[in-house]
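Visitor: Chains as they are written, first to last, in the working numbering: chain H, 15 to 320; chain F, 15 to 320.
Each hint should be verified, as a subset may be incorrect.
If you only want the chain F side, here are some residues facing chain H, beta carbon under 8 Å, derived [what the hints assert, rightly or not]: (1) Thr163; (2) Thr164; (3) Cys191; (4) Cys192; (5) Ala193; (6) Pro199; (7) Val203; (8) Val205; (9) Leu230; (10) Asp231; (11) Leu266; (12) Val267; (13) Thr270; (14) Thr275.
To be clear, the hints were calculated from the coordinates, so they are not data collected in a lab.
Every residue gets a Cβ at the ideal spot worked out from N, C-alpha and C, and that includes glycine.
There are 2 protein chains.
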Amino acid sequence: MSKSFDDLLAKVSSISKKKLAVAVAQDKAVLEAVKAAHERNIADTILVGDADEIKAIGAELGMDMNDYEIIDEKDKIAASLKAVSLVHEGKADMYMKGLLDTKSFLKSVLDKEVGLRTGQPLSHVCVAEIKPVDRLLILTDVAFMPYPTTEEKKYIIKYAAEVAKACGVEMPKVAVCCAVETVNPKMPVTVEAAELSKMQDDGEITGCIVEGPLSLDIAIDKYSAEEKGAMDRKVAGDADILLFPDIQAGNLVYKTVVHLTDMKCGCILTGTQAPVILTSRSDTCETKVNSIALAAVVAEEMKKNK
Amino acid sequence: MSKSFDDLLAKVSSISKKKLAVAVAQDKAVLEAVKAAHERNIADTILVGDADEIKAIGAELGMDMNDYEIIDEKDKIAASLKAVSLVHEGKADMYMKGLLDTKSFLKSVLDKEVGLRTGQPLSHVCVAEIKPVDRLLILTDVAFMPYPTTEEKKYIIKYAAEVAKACGVEMPKVAVCCAVETVNPKMPVTVEAAELSKMQDDGEITGCIVEGPLSLDIAIDKYSAEEKGAMDRKVAGDADILLFPDIQAGNLVYKTVVHLTDMKCGCILTGTQAPVILTSRSDTCETKVNSIALAAVVAEEMKKNK
Numbered sequence: 015m016s017k018s019f020d021d022l023l024a025k026v027s028s029i030s031k032k033k034l035a036v037a038v039a040q041d042k043a044v045l046e047a048v049k050a051a052h053e054r055n056i057a058d059t060i061l062v063g064d065a066d067e068i069k070a071i072g073a074e075l076g077m078d079m080n081d082y083e084i085i086d087e088k089d090k091i092a093a094s095l096k097a098v099s100l101v102h103e104g105k106a107d108m109y110m111k112g113l114l115d116t117k118s119f120l121k122s123v124l125d126k127e128v129g130l131r132t133g134q135p136l137s138h139v140c141v142a143e144i145k146p147v148d149r150l151l152i153l154t155d156v157a158f159m160p161y162p163t164t165e166e167k168k169y170i171i172k173y174a175a176e177v178a179k180a181c182g183v184e185m186p187k188v189a190v191c192c193a194v195e196t197v198n199p200k201m202p203v204t205v206e207a208a209e210l211s212k213m214q215d216d217g218e219i220t221g222c223i224v225e226g227p228l229s230l231d232i233a234i235d236k237y238s239a240e241e242k243g244a245m246d247r248k249v250a251g252d253a254d255i256l257l258f259p260d261i262q263a264g265n266l267v268y269k270t271v272v273h274l275t276d277m278k279c280g281c282i283l284t285g286t287q288a289p290v291i292l293t294s295r296s297d298t299c300e301t302k303v304n305s306i307a308l309a310a311v312v313a314e315e316m317k318k319n320k
Numbered sequence: 015m016s017k018s019f020d021d022l023l024a025k026v027s028s029i030s031k032k033k034l035a036v037a038v039a040q041d042k043a044v045l046e047a048v049k050a051a052h053e054r055n056i057a058d059t060i061l062v063g064d065a066d067e068i069k070a071i072g073a074e075l076g077m078d079m080n081d082y083e084i085i086d087e088k089d090k091i092a093a094s095l096k097a098v099s100l101v102h103e104g105k106a107d108m109y110m111k112g113l114l115d116t117k118s119f120l121k122s123v124l125d126k127e128v129g130l131r132t133g134q135p136l137s138h139v140c141v142a143e144i145k146p147v148d149r150l151l152i153l154t155d156v157a158f159m160p161y162p163t164t165e166e167k168k169y170i171i172k173y174a175a176e177v178a179k180a181c182g183v184e185m186p187k188v189a190v191c192c193a194v195e196t197v198n199p200k201m202p203v204t205v206e207a208a209e210l211s212k213m214q215d216d217g218e219i220t221g222c223i224v225e226g227p228l229s230l231d232i233a234i235d236k237y238s239a240e241e242k243g244a245m246d247r248k249v250a251g252d253a254d255i256l257l258f259p260d261i262q263a264g265n266l267v268y269k270t271v272v273h274l275t276d277m278k279c280g281c282i283l284t285g286t287q288a289p290v291i292l293t294s295r296s297d298t299c300e301t302k303v304n305s306i307a308l309a310a311v312v313a314e315e316m317k318k319n320k
């Protein structure tokens, strides 16, 4: 695994430069990230939206608009469909939300004609660099699927493993996280965790190592794993991917990490034909740039596997 | 609220000294904490268990055994019943687990003759000092009740509010934490969170302010609350108590805080006639001492209300 976002950014500069399409690009925070991504040689961008507004904000931010392709489309829905179609047609490699609501943006992602649907469920993958941990950690799903079924969790694991691979881990370790590390029929998620672990043993889940149920300390901390006699588990203190039981647990841990630890992160939406960047208003510019970089390495990996 | 454990320890020294009864006290880690609590004037202790073993470990730790009352009882179950009965009879103020399994320990807590049962559900209250937060935060329930019902959550809130009061907050603010801050019928916990908030408005929950559903950022971070236009909520960036939807979310957040942040904590079991300390093998000595100090201020508060 890339050990940090610095590693990941270095990786980006070693692959062919990727192109980003932004839907409804007249958004200052998004253009700031687009500018940083250009300056740091992470990605070029096609800006779809209200050209006058885009140029005005660009001027404000000191952007040289000759560095960007602009497609003028004042209607937001039309702009999103135009932007997503660029990715659909292979003219761009990744798709990012600008100044439109999430619902409309997702509609464009899932559009049957020009969208990026694969027929598989979508899920959110967050890659985090958290100070005391010596590697990048993937948290999933902390933002998209509310109560994933076991079948959906198989997809969540598959996508997270693909992202980990794009970040440089050939055989990522997945911890199916629960409150406890033993199966307890009174906690159905622990039973499901053991099932997912067995599915990997049986070859039904491939490309990663899956172990659960695991408490978070055993998943990420070798010392705790030793203390609790858990070193014989397939994942013990060295998880690359933390799979959460549901969005409540996932999102609350994610927000804890964002607000109470020294961390960097980047996030993408997966299960689509190309990586999708669905940043939130509260994300910092750095998080947005990290998300673009993450999308770029994932786009490269998807191209390899085509 | 005491802003830190230093404040809390200062508070302990201002109240009458409390007495701790330890069940099956021949446990090095527990005796280490008992010694520290004695030296720091937090509590005196009655050690119930195998007297020879207790003395041997005490000698190893450099304890002056004249400072402790020892009751010799080699049988573990009998020792736990003896220790809990001391609290039941008012000869001690708080009850702590030593070298016996949690199940047997809880049996003594709930013993009909000599135990501490109140007929109300038990729940776990964790008081945490986490670096970027300028006050103590209570996390509950992160370790005991697996899937509390709405009725049980009312008790969890009541107990946490009592602990907050013992720590010096007259009217604690409770954030009913969820993945999102809006009611969404597809996420039943958000509906329940709004119900709990309304129960407080209607006077069915008293002694605290309850608001939910709240995402964790809005609950603890004023800046996020402002950003998201949530400053009109009853709790906005200034929560004292974080109520979790279930043990999965609670425990995963708790372990995240323990392993990935700069924090101190102390925990007790509530819903009993006196505070119970159920520390885990992985707790540090400091956590055990903090738990004893927390139990002492809570015991003082319970005495006041008798």
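Visitor: With reference to the structure, classify each hint as holding or not holding.
Guide: Now for the hints, and whether the structure bears them out:
Interface restraint check: F:Thr163 against chain H, minimum CB-CB distance 14 Å, threshold 8 Å, status violated. Annotation: F:Thr164 was flagged as interfacial toward chain H, and the flag is violated, the nearest CB pair being 15 Å apart, outside 8 Å. Checking F:Cys191 against chain H by beta carbon gives a least distance of about 6 Å; that is within 8 Å, so the hint holds. Because the smallest distance between the Cβ of F:Cys192 and any Cβ of chain H comes to about 6 Å, under 8 Å, the interface hint for this residue holds.
Checking F:Ala193 against chain H by beta carbon gives a least distance of about 4 Å; that is within 8 Å, so the hint holds. At a threshold of 8 Å, the smallest CB-CB gap from F:Pro199 to chain H is about 11 Å, leaving the interface hint violated. Proximity of F:Val203 to chain H holds as hinted, the smallest CB-CB distance being about 6 Å (cut-off 8 Å). Evaluation of the F:Val205 hint against chain H yields a violated restraint, the C-beta minimum of about 13 Å exceeding 8 Å.
Taking 8 Å as the C-beta cut-off, the interface hint given for F:Leu230 holds, the closest approach to chain H being about 4 Å. Of the supplied interface hints, the one on F:Asp231 holds, with its beta-carbon coming within about 5 Å of a beta-carbon of chain H, less than 8 Å. For F:Leu266, the interface hint holds, since its Cβ comes within 8 Å of a Cβ in chain H; the closest pair sits about 5 Å apart. Below 8 Å, beta-carbon pairs count as interface contacts, and F:Val267 has one with chain H at about 5 Å; its hint therefore holds.
Hint on F:Thr270 holds. Least Cβ distance to chain H is approximately 5 Å, under the 8 Å limit. A distance limit of 8 Å between C-beta atoms decides the matter here; for F:Thr275 the minimum to chain H is near 5 Å, and the interface restraint holds.
Hint check: violations occur at hints 1, 2, 6, 8; the rest are consistent with the structure.
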